[in-house]
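Participant: First to last, the protein sequences are chains X and D.
Using my numbering, you'd call the opening residue of the first sequence number 146 and step up by one each time.
Using my numbering, you'd call the opening residue of the second sequence number 17 and step up by one each time.
FYI, nobody ran anything at the bench for these hints, they're computed from the structure.
Some hints could be false.
Rough simulated footprint, nothing fancy, chain D against chain X, three-plus residues with beta-carbon under 8 Å [as the list claims (entries may be wrong)]:
(1) 149-163
(2) 174-183
(3) 240-251
Simulated crosslink set (BS3-like; lysine-lysine; CA at most 27 Å straight-line) [claimed, not checked]:
(4) X:K288 / X:K164
(5) D:K146 / X:K201
(6) X:K353 / X:K323
(7) X:K335 / D:K146
(8) D:K146 / X:K152
Just some of the chain X residues that point at chain D, by a computed CB distance under 8 Å [to be verified]:
(9) M146
(10) D198
(11) G200
(12) K254
(13) G324
(14) A336
(15) L408
All C-beta atoms in this analysis are idealised placements derived from N, C-alpha and C, irrespective of residue type, glycine included.
Listed below, chain by chain, are the residues.
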Amino acid sequence: MYSANFKYYSPRTVAEAVKLLQEHGEEARILAGGMSLIPMMKMRLVSVNHLIDIGKIDSMKGMAENGSDIVIGGATTHHAIETSPLIQKEVPLMSEVASWIGDPQVRNKGTIGGSLIHADPSGDWGACIIALKGKIMVSNGEKERAIDSDDFFVDMYETSIKAGEILTRVSVPAKSGKGHGFSYMNMERKAGDFATVGVATQLELDDKGNCSSAGIGLTAVGRTPMRASEAEEFLLGKKVGIDGINEAAKLAVKSTDPTDDPLRGSAEFKKAMCEVYTRRSLRTAFERAGGAI
Amino acid sequence: MVYEETFEDGAGLEDLVEVQFTLNGRKRKVSVEPRELLATVLRDRLGMTGTHIGCDTTNCGSCTVIQDGQSVKSCTVFAIQADGSDIITVEGIGNVTELHPIQEAFQEKHGLQCGFCTAGMIMQSYWFLKENPDPSESEIRWGISGNICRCTGYQNIVDAVRLAADKMKTKGGS
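Isolated chain D (complex conformation) (with noise of 0.2 Å):
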């Protein structure tokens, strides 16, 4: 998918430059402006709408995705900077049949009201579950502190991560 833009201050396609990373196991190739920030190449030119953009200005980590391993909010890294990278989205870590146990938790606990939070909420305790496999309640609650559910659900959000790690630890499950 790619669209053809120029901004308001007349950057226009010229100033493309090619970035390389992979996404979710597959290499991927793109051209993108410098400026184009990870969540909206991931969206607008990769079609991987999965992340979600919601406050745009790293508070409410919607945009949570996993670059080489670390979870960040992918609204405030440039793509460019995720050259060479490996990236993981919620579209890479199960599918509507073969859940990943974080995804089946939500699902069972009810972890999400309106569910716009809720692919960061997921993606985050994907990377915190690997910190730490066995959490307490009030560490969840810290793990996730930089993910915000609007809708204010968060009991059920934790509960959720709760038994995800349960299942992780009966499943294994990576």
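Extracted from the complex, chain X is given alone in its bound form (with noise of 0.2 Å):
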């Protein structure tokens, strides 16, 4: 199976990639990984004629910290973000989030950068930037302006990038050690299967056991990856504990809007397993952050 052809280009640095894009405007693609953008140029549901591969732009990869937060190139695999000692150290819930992404082979050839433009609301790590109150990075080419993840994702396939930028980086503030936890739970119906509902959370309990902030995100509950903002709002300054989480979870399902999905379960199914993934989800995360059930 054959895209159609295409003008390929090896840019080795950003400015020489924003340059390409710049100049060939809406018939250019960046190929960063290329999981998704492949099978769909193959399937020929997107015509590409200039394709601009930013995989060999070594400065889009890695892992590094600055300041509180830990910085991730966009052109940065999945799996190297799954094994990195910084990343396991820092922020352990983008390391359990990389786990679940796919498939082995997927996770050594996909990127963070690529699968969040994509913005496919069941990908994997929309959930987790928006749970970390992540920021994504964006160059035109002279700068570079944060995005914050609750406002980067606009609808399915739809970010607030703008035509002429390129994501460059992700930028998380570390999240680890005492009084932390986190965990994503993902259901799929078979290994490396797109996720039937994803949810990913991330907890800070004081020395009260007070709970001191709730990150809440949830994947392919509808048109984008998005924020249990009440249920977030209803962890905050509690004790938690096992009715907490358990109110947590019901809420989480009013910030959903799910459509039935012929392969992965109706719109009220997805709710159901909303609900209950929330649950595992915030348990786990409570219990590693400390917490007595």
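Combine both chains into one complex, guided by the hints.
Facilitator: Below, the structure written as structure tokens:
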């Protein structure tokens, strides 16, 4: 199965990539890992005349500390994130989320930036970045701007990036250590499938065991990855506990707007599973934060 | 092996670009259209038909090869992306007289039925056992979760990967 033909470019810097993108406008697409774009091109769901491969831009790969934040290059693979000692130590939620994406070969090739910009509502990174209250950095070649995770996803396969910009980095606050708990739970029909429902949770408990920070991101229960705002607000300042978790899981469903999916279940089923998986995810995060059920 | 062909939308030989990579230790240079896939270039242009194309949609893993140390599904990589890479296919890890320990293990445990998925299973195991040289059964199942055996002969495949781990521990093996 072949895509239509295209011209191929392999820039070595972000500036070069942006220049090519701006030169060719809507006829151009950025190729990162290609785990979504190449199948779409092969099935001729998208037509691309100019393919700009950012796979050889070294500055877009890797992870580093930046003050209290962790910054991840847009072309960093899921596998690199999953196995990074820095990520496992500073933002273990990301490592857990990465382990759920696709299958091993897809994780070896696919990238966090590519996944985010593709904005598939069942992509796993969106919920994670929302739960962490992270930022997505985009560049037009002259300056980089940060887009808040709440403002990034606009609709299915649509983000707030502008024409001529590319996603360069993802920045998340370090969240680990005493009092921190996290969890990503993903319901899938079979290994490697897109999520039926996914829930990313980040909790912080203060010295008294009260919830001082809560982040809950939801996968595949609406047109975009979304924040379970009511559930987060409910948890803040509370002792949490099993009743709190059950209540928060009910509230999380209120944020969702799933549609019937012929493969992965009806809207009603997804809502029901969203409650179950939010409950499980919150419970794991709560226990990892040192909370006693 | 070079074939001349014009595809339905008229892209012809004038659009060829040159790609160089190391394939199983040998430097290879090949002219391809940008849209040609690594899997088809390996098979049709370079005659390395050990790499199979099963689903052609990133699901089945039959086309798994090693690119720069990482296992990838070569039906979902444009050959041109592999320019400058180091590629290893099933032809590169052992031969008929000297099988790789993973190949030996698949033979001994009968880790195949029809054999179509085998090259992909072996190449994924090759990568996975480097990542995790002493895996549990469930780790093996997770490690080959991107490879499908439509004969459903997973039990023996998992046994073979476990045996391969033992063989590689005692023998070394690359």
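Participant: Would the pair K335 (chain X) and K146 (chain D) pass a check requiring their Cα atoms to be no farther apart than 27 Å?
Facilitator: Given that 27 Å is the threshold and the Cα spacing comes to 25 Å, the pair holds.
Participant: The hint names K254 (chain X) as touching chain D; please verify it with the least Cβ-Cβ distance against 8 Å.
Facilitator: At 5 Å from the nearest chain D Cβ, K254 (chain X) passes the 8 Å test, so the hint holds.
Participant: Can A336 (chain X) be said to touch chain D, with a Cβ gap under 8 Å?
Facilitator: holds (4 Å)
Participant: Taking 27 Å as the top limit, are the C-alpha atoms of K288 (chain X) and K164 (chain X) close enough?
Facilitator: Distance ~13 Å between K288 (chain X) and K164 (chain X) Cα, so the pair holds.
Participant: Close enough to count: is the Cβ of D198 (chain X) nearer than 8 Å to one in chain D?
Facilitator: holds (6 Å)
Participant: Take the shortest C-beta to C-beta distance between L408 (chain X) and chain D; is it under 8 Å?
Facilitator: violated (14 Å)
Participant: Straight-line Cα separation of K146 (chain D) and K201 (chain X) no greater than 27 Å?
Facilitator: holds (24 Å)
Participant: Just to be careful, I want the Cα atoms of K146 (chain D) and K152 (chain X) compared with a cutoff of 27 Å; is the pair within it?
Facilitator: Distance ~36 Å between K146 (chain D) and K152 (chain X) Cα, so the pair is violated.
Participant: Counting residues of the region 240-251 of chain X that have a beta-carbon nearer than 8 Å to any beta-carbon of chain D, does the count reach 3?
Facilitator: holds (count 5)
Participant: Given M146 (chain X) as an interface hint, is the shortest Cβ-Cβ distance to chain D below 8 Å?
Facilitator: holds (5 Å)
Participant: Counting residues of the region 149-163 of chain X with a beta carbon closer than 8 Å to any beta carbon of chain D, are there 3 or more?
Facilitator: holds (count 6)
Participant: Quick check on G200 (chain X) please, does its C-beta sit within 8 Å of some C-beta on chain D?
Facilitator: holds (6 Å)
Of the numbered hints listed earlier, those contradicted by the structure are 8, 13 and 15.
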